[in-house]
Amino acid sequence: MERTLEMQLEESIHNPGITGVLCVDNNGLCLGAKGSAPLKACGSISALAGQAAKLANPNGPTPVICLESEHGIVLIKKTDKLTTALFKSS
Amino acid sequence: MSLMCTSSGLLFRLRIRHSDNTKLKSLLNSEGSLLAFSGFPDKDASAAGAIASNIWTSFQKSGQYSLDDGKLNCVLVECKLGKIAITKVANLLLCLCAKETVSYGMLKTKIEAMAAYLEEPLSQVASS
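As given, the protein sequences belong to chains A and B, one line each in that order.
Take the first sequence: its letters are residues 1 to 90, numbered as in UniProt numbering.
Take the second sequence: its letters are residues 1 to 128, numbered as in UniProt numbering.
A hint or two may mislead.
[Stated by the list, open to error] Reference excerpt, derived from the structure (chain B facing chain A, CB under 7 Å, subset only):
1. C74
2. S103
3. M106
[To be verified] Below, in silico cross-link-like pairs of lysine-lysine (DSS-like), each with a Cα-Cα straight-line distance of 25 Å or less:
4. A:K34 / B:K99
5. B:K108 / B:K88
6. B:K71 / B:K108
7. A:K34 / B:K88
[Claimed, not checked] Label-pair distances were calculated between CB atoms; the ranges are:
8. A:A52 / B:K71: 41 to 49 Å
9. B:N91 / A:S44: 37 to 45 Å
10. A:P16 / B:A47: 48 to 56 Å
11. A:L67 / B:A50: 44 to 52 Å
12. A:L55 / B:S46: 32 to 40 Å
13. A:P16 / B:A116: 37 to 45 Å
14. A:M1 / B:I51: 39 to 47 Å
To be clear, the hints were calculated from the coordinates, so they are not data collected in a lab.
Idealized CB from N, CA, C, for every residue including glycine.
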């Protein structure tokens with residue numbers, strides 16, 4: 001059941017600059033992670049995506065959240081039942 | 001008669017989604033007695049089933065008293081050697097034991113998929 005998700009995560013991690021990838025469900029529970037993605041961030045990622053979706057147009061696509069810091073960039077996107085976070089090195 | 005009315009049919013349904021990360025899947029009645037299982041030996045499965053049923057009943061009672069809501073959906077438990085998920089299917093309990101490496105989200109998704117798969121045939125058995 002989880003094999004397809006594992007394969008997709010493995011594929012994502014091989015993109016240049018990506019250091020970690022994390023998939024979270026709507027309850028903030030981790031579905032899968034690869035690389036250096038911090039597992040303790042699962043709840044925060046889901047909550048951030050939920051809050052950002054409230055600010056965006058309800059009929060439009062869900063927003064992509066970009067968090068920038070000295071150490072790298074985190075991109076977060078929420079879909080129907082899943083929130084994905086990509087960790088990139090700067 | 002549906003396939004689920006035979007024990008072999010029930011075992012087939014429990015085994016069909018078996019993966020390397022799942023140690024045990026068991027189906028229990030409301031008293032914690034084992035109806036069917038797929039995974040490690042019978043003695044361990046019976047003990048695990050009784051404990052799972054006890055945990056479920058305790059949480060359901062607590063929910064009813066403190067939240068005035070007895071509709072418990074799912075219980076996730078983290079143990080030293082693995083993780084356990086418990087949910088209700090028809091009038092029975094479904095318990096899934098997984099390795100400690102399985103994430104909570106995946107475990108919850110698995111037990112929900114399993115419960116949806118067993119819901120219809122077990123409801124037929126429960127109503128007959």
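How the hints compare with the structure:
1. C74: At 10 Å from the nearest chain A Cβ, C74 (chain B) fails the 7 Å test, so the hint is violated.
2. S103: holds, 4 Å
3. M106: holds, 5 Å
4. A:K34 / B:K99: At roughly 18 Å apart (the allowed maximum being 25 Å), K99 (chain B) and K34 (chain A) satisfy the hint.
5. B:K108 / B:K88: At roughly 13 Å apart (the allowed maximum being 25 Å), K88 (chain B) and K108 (chain B) satisfy the hint.
6. B:K71 / B:K108: holds, 17 Å
7. A:K34 / B:K88: Distance ~32 Å between K34 (chain A) and K88 (chain B) Cα, so the pair is violated.
8. A:A52 / B:K71: 41 to 49 Å: violated, 30 Å
9. B:N91 / A:S44: 37 to 45 Å: holds, 38 Å
10. A:P16 / B:A47: 48 to 56 Å: With Cβ atoms ~51 Å apart, the hint holds.
11. A:L67 / B:A50: 44 to 52 Å: Since the Cβ atoms of L67 (chain A) and A50 (chain B) sit about 47 Å apart, the hinted range of 44 to 52 Å holds.
12. A:L55 / B:S46: 32 to 40 Å: 52 Å Cβ-Cβ, so the 32 to 40 Å window is violated.
13. A:P16 / B:A116: 37 to 45 Å: holds, 39 Å
14. A:M1 / B:I51: 39 to 47 Å: violated, 25 Å
Consistency note: the structure conflicts with the earlier hints numbered 1, 7, 8, 12 and 14.
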